[in-house]
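Peer 1: Just so we're aligned: 41 in the UniProt record's numbering is position 41 of the sequence shown, and the numbers increase by one with no gaps anywhere.
These are computed hints drawn from the structure, not numbers from a lab. All values reported here derive from a predicted model rather than from experimental measurement. It is possible that some hints are incorrect.
[Unchecked claim] Ranges between beta-carbon positions, derived for each pair:
#: 1; residue 1: Leu29; residue 2: Gln79; range: 16 to 22 Å
#: 2; residue 1: Ala26; residue 2: Ile75; range: 28 to 34 Å
#: 3; residue 1: Lys85; residue 2: Glu8; range: 22 to 28 Å
#: 4; residue 1: Pro76; residue 2: Thr15; range: 31 to 37 Å
#: 5; residue 1: Lys54; residue 2: Arg4; range: 15 to 21 Å
#: 6; residue 1: Ser56; residue 2: Gln79; range: 30 to 36 Å
#: 7; residue 1: Gln79; residue 2: Ile5; range: 24 to 30 Å
#: 8; residue 1: Ser56; residue 2: Asn88; range: 34 to 40 Å
#: 9; residue 1: Arg3; residue 2: Lys85; range: 32 to 38 Å
#: 10; residue 1: Ile75; residue 2: Asp31; range: 31 to 37 Å
#: 11; residue 1: Ala51; residue 2: Phe78; range: 15 to 21 Å
#: 12; residue 1: Cys47; residue 2: Phe13; range: 29 to 35 Å
#: 13; residue 1: Ala51; residue 2: Gln79; range: 20 to 26 Å
#: 14; residue 1: Ile5; residue 2: Lys85; range: 33 to 39 Å
Quick reminder that beta carbons are idealized off the backbone N, C-alpha and C, glycines included.
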Amino acid sequence: MERRILSESALVFATTNSSQSYGVTAHFLPDVVFMDEAGQLSEIDICVAPAHSKASKVILSGDQMQLPSINTYSIPFFQVSGLEKLANLVGADNKAPNEVHGTEGDVEDPVGHYSGVTTAQRHC
1 MERRILSESA
11 LVFATTNSSQ
21 SYGVTAHFLP
31 DVVFMDEAGQ
41 LSEIDICVAP
51 AHSKASKVIL
61 SGDQMQLPSI
71 NTYSIPFFQV
81 SGLEKLANLV
91 GADNKAPNEV
101 HGTEGDVEDP
111 VGHYSGVTTA
121 QRHC
């Protein structure tokens, strides 16, 4: 029954852990993967859902300044979220991602477009 529900669904909400535990990635193949609170996820978490899907787009939403990466490691490399690492790569070659959107606290225009400069880089 679970397999049928997933295969016939247009939209599924799941955590990165439950998507593996309950077979979401095996039976639900989305065109777009949207990951909220991506500032808390590691690179592996960010890669799991898109790797098991036919997704042509991956949308990451999160603020590593608000909710930091969740980890239990004392290794500095793991203290930074996958989203923040991706954001820092943008400045190096301006190739990934194509667009970065962020908020700056301006109520009149809450979403700004940054070309190669992310909020994470500007505050570091």
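Peer 1: The structure should be examined with respect to each hint, and the outcome stated for every one.
Peer 2: Verification of the supplied hints:
1. Leu29 to Gln79: 16 to 22 Å: For leucine 29 and glutamine 79 the Cβ distance comes to about 33 Å; the hint is violated.
2. Ala26 to Ile75: 28 to 34 Å: holds, 31 Å
3. Lys85 to Glu8: 22 to 28 Å: violated, 36 Å
4. Pro76 to Thr15: 31 to 37 Å: violated, 26 Å
5. Lys54 to Arg4: 15 to 21 Å: holds, 19 Å
6. Ser56 to Gln79: 30 to 36 Å: holds, 32 Å
7. Gln79 to Ile5: 24 to 30 Å: Once the Cβ atoms are compared, 38 Å apart, the range 24 to 30 Å for isoleucine 5 and glutamine 79 is violated.
8. Ser56 to Asn88: 34 to 40 Å: The hinted range 34 to 40 Å is violated for serine 56 and asparagine 88, with Cβ atoms some 25 Å apart.
9. Arg3 to Lys85: 32 to 38 Å: Holds, at about 35 Å.
10. Ile75 to Asp31: 31 to 37 Å: This hint holds: roughly 36 Å between Cβ atoms.
11. Ala51 to Phe78: 15 to 21 Å: holds, 20 Å
12. Cys47 to Phe13: 29 to 35 Å: Taking Cβ atoms as reference, cysteine 47 and phenylalanine 13 lie about 19 Å apart, which means the hint is violated.
13. Ala51 to Gln79: 20 to 26 Å: holds, 24 Å
14. Ile5 to Lys85: 33 to 39 Å: holds, 35 Å
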